[in-house]
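A.B. asks: Chain residues, written in single-letter form:
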Amino acid sequence: MSDAALNPSVEALPAVPVEAQVSIGQIFLEFLIIGATSFGGVVPYLRGSLVTKRGWINDKEFVEMLSISQSLPGLNATNMAILVGEKLRGALGAIAAIIGICLPGAVLMYIVGIFYRIHGDHVWITAALKGVAAAAVGLILSTVVSMSKKSLSGKFDFVFIALTVIAVNRLHLGVPRTLVAVGLLAILFHRPRKQQKESGTQ
Amino acid sequence: MNQIPALIRVFAYLSILTVGGGMAAFPELKILTVEVHKWLTFPQLIHVYSVGQMAPGPNMMMIVVIGQWAGGFLGALVVLLAFFGPTALLAFIVASGWKKLEKWPWRTSIQEGLAPVSIGLLLAGCFTMAKGAISGVETAAIAVGVLLMLLQYKINPALLVLAGAVLGVFSFMPK
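Chains B and R, in that order, give the protein sequences.
Taken in order, the first sequence gives residues 95 to 296; the numbers are from the working numbering.
Taken in order, the second sequence gives residues 4 to 178; the numbers are from the working numbering.
Just so you know, these hints were derived from the structure itself, not from any lab.
Because the structure is a prediction, the values reported are computed rather than measured.
Some hints could be false.
DMTMM-like, lysine to aspartate or glutamate: derived pairs with alpha carbons at most 20 angstroms apart [stated by the list, open to error]:
id, chain 1, residue 1, chain 2, residue 2
1, B, Lys181, B, Glu155
2, B, Lys181, R, Glu141
3, R, Lys103, B, Glu158
4, B, Lys243, B, Glu158
5, B, Lys147, B, Asp215
6, R, Lys106, B, Glu158
7, B, Lys244, B, Asp153
8, B, Lys244, B, Glu155
9, B, Lys249, R, Glu115
10, B, Lys154, R, Glu141
11, R, Lys178, R, Glu38
12, R, Lys178, B, Glu155
13, B, Lys181, B, Asp153
14, R, Lys103, R, Glu141
15, R, Lys157, R, Glu141
16, B, Lys243, R, Glu115
17, B, Lys181, B, Glu158
18, R, Lys103, B, Asp215
19, R, Lys106, B, Asp215
20, B, Lys244, R, Glu141
21, R, Lys41, B, Asp215
22, B, Lys147, B, Glu158
With the hints as extra help, turn the sequences into a complete structure.
C.D. replies: What follows is the structure, encoded as structure tokens:
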């Protein structure tokens, strides 16, 4: 009935990829906002902002990028910033994203550091920090539990967890050697297995 | 003495150890910043790390404090670059290559193998920290309380760390 131009269907929208519409400034600003508001863990804020609010990446891409971020050295937050920034606008996008996400926390901790250096030995601050440190231990333990629930692929993985802890805390092998030794062992344990046995092996 | 080169070396090295999260590097962070370079004391490191848990953004921003103490504004800046630069570069390189590896069977093996090791490193970092942070029944109770609350309810962890501060003032103020 009406003119087609006045009633564009969804399909009629220009098929410009989302990436082309995102500017470096927008990337920086969005990650700056995440960096300034993501109290208590960045990942949920990343999803809310990048997938839900902006639609820059879809849920599947988000999960994929998160799994890459977790396998690589580096914090999830900064690895995600690099991966998303790179996808949207290449190297400049990645740089804008990582600076944006780091800047607010860095500035805040810079100020905290100066304040703590001057006032750190006041009795009430020492008392408060003792409580804060204990709470932080509880927080890390909860991360250990939730990561174990999510990302372990078998009961035997607990052996690798135990080996890692013993190597670092008891044998004092250091993180790098532990990482290489137990890491290789665990990767070999999880080596690719073909459905049918390969001919010639064993 | 100029600490800038040492700051760059230490934090670039720590950068590549953060498999599974910043806490994985905590035992080495303690050895290098407290014992080797004496930029701060172990209690200070624990305090700064813990306060950092209340800050928004990536949860290792406490490194800025170490950089600032050891080398002023420039120290803070080089620590950030040294700590986030190497892993950022690696992530950038992998970003383009990883998708091509989708069919590579070892990709899953690496992911599955590194998962328990990164959890182990996190736990090891946690134990290192607990040695300094848990000093009696009260601190243990706060840690266990926070753990149970987080496992049971959907609470923002930063709020619980803040609650730890309040509890600390009530529990540990000298009478």
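A.B. asks: State for each hint whether it applies.
C.D. replies: For each hint, the structure was consulted:
1. B:Lys181 to B:Glu155: Distance of about 10 angstroms is within 20 angstroms: holds.
2. B:Lys181 to R:Glu141: violated (48 angstroms)
3. R:Lys103 to B:Glu158: Answer holds: Lys103 (chain R) to Glu158 (chain B) is near 13 angstroms, not above 20 angstroms.
4. B:Lys243 to B:Glu158: holds (18 angstroms)
5. B:Lys147 to B:Asp215: violated (43 angstroms)
6. R:Lys106 to B:Glu158: holds (14 angstroms)
7. B:Lys244 to B:Asp153: Status holds; Cα separation ~17 angstroms.
8. B:Lys244 to B:Glu155: holds (18 angstroms)
9. B:Lys249 to R:Glu115: Holds: Lys249 (chain B) and Glu115 (chain R) sit about 12 angstroms apart, inside 20 angstroms.
10. B:Lys154 to R:Glu141: violated (44 angstroms)
11. R:Lys178 to R:Glu38: violated (33 angstroms)
12. R:Lys178 to B:Glu155: violated (55 angstroms)
13. B:Lys181 to B:Asp153: holds (14 angstroms)
14. R:Lys103 to R:Glu141: violated (52 angstroms)
15. R:Lys157 to R:Glu141: violated (24 angstroms)
16. B:Lys243 to R:Glu115: This hinted pair holds, its Cα atoms lying about 13 angstroms apart.
17. B:Lys181 to B:Glu158: The given pair, whose Cα atoms are some 13 angstroms apart, holds under the 20 angstroms limit.
18. R:Lys103 to B:Asp215: violated (54 angstroms)
19. R:Lys106 to B:Asp215: violated (56 angstroms)
20. B:Lys244 to R:Glu141: violated (31 angstroms)
21. R:Lys41 to B:Asp215: Given pair Lys41 (chain R), Asp215 (chain B) holds - Cα atoms ~18 angstroms apart, limit 20 angstroms.
22. B:Lys147 to B:Glu158: Judged against 20 angstroms, a Cα distance of about 19 angstroms means the pair holds.
Checked against the numbered hints above, the structure breaks hints 2, 5, 10, 11, 12, 14, 15, 18, 19 and 20 and satisfies the rest.
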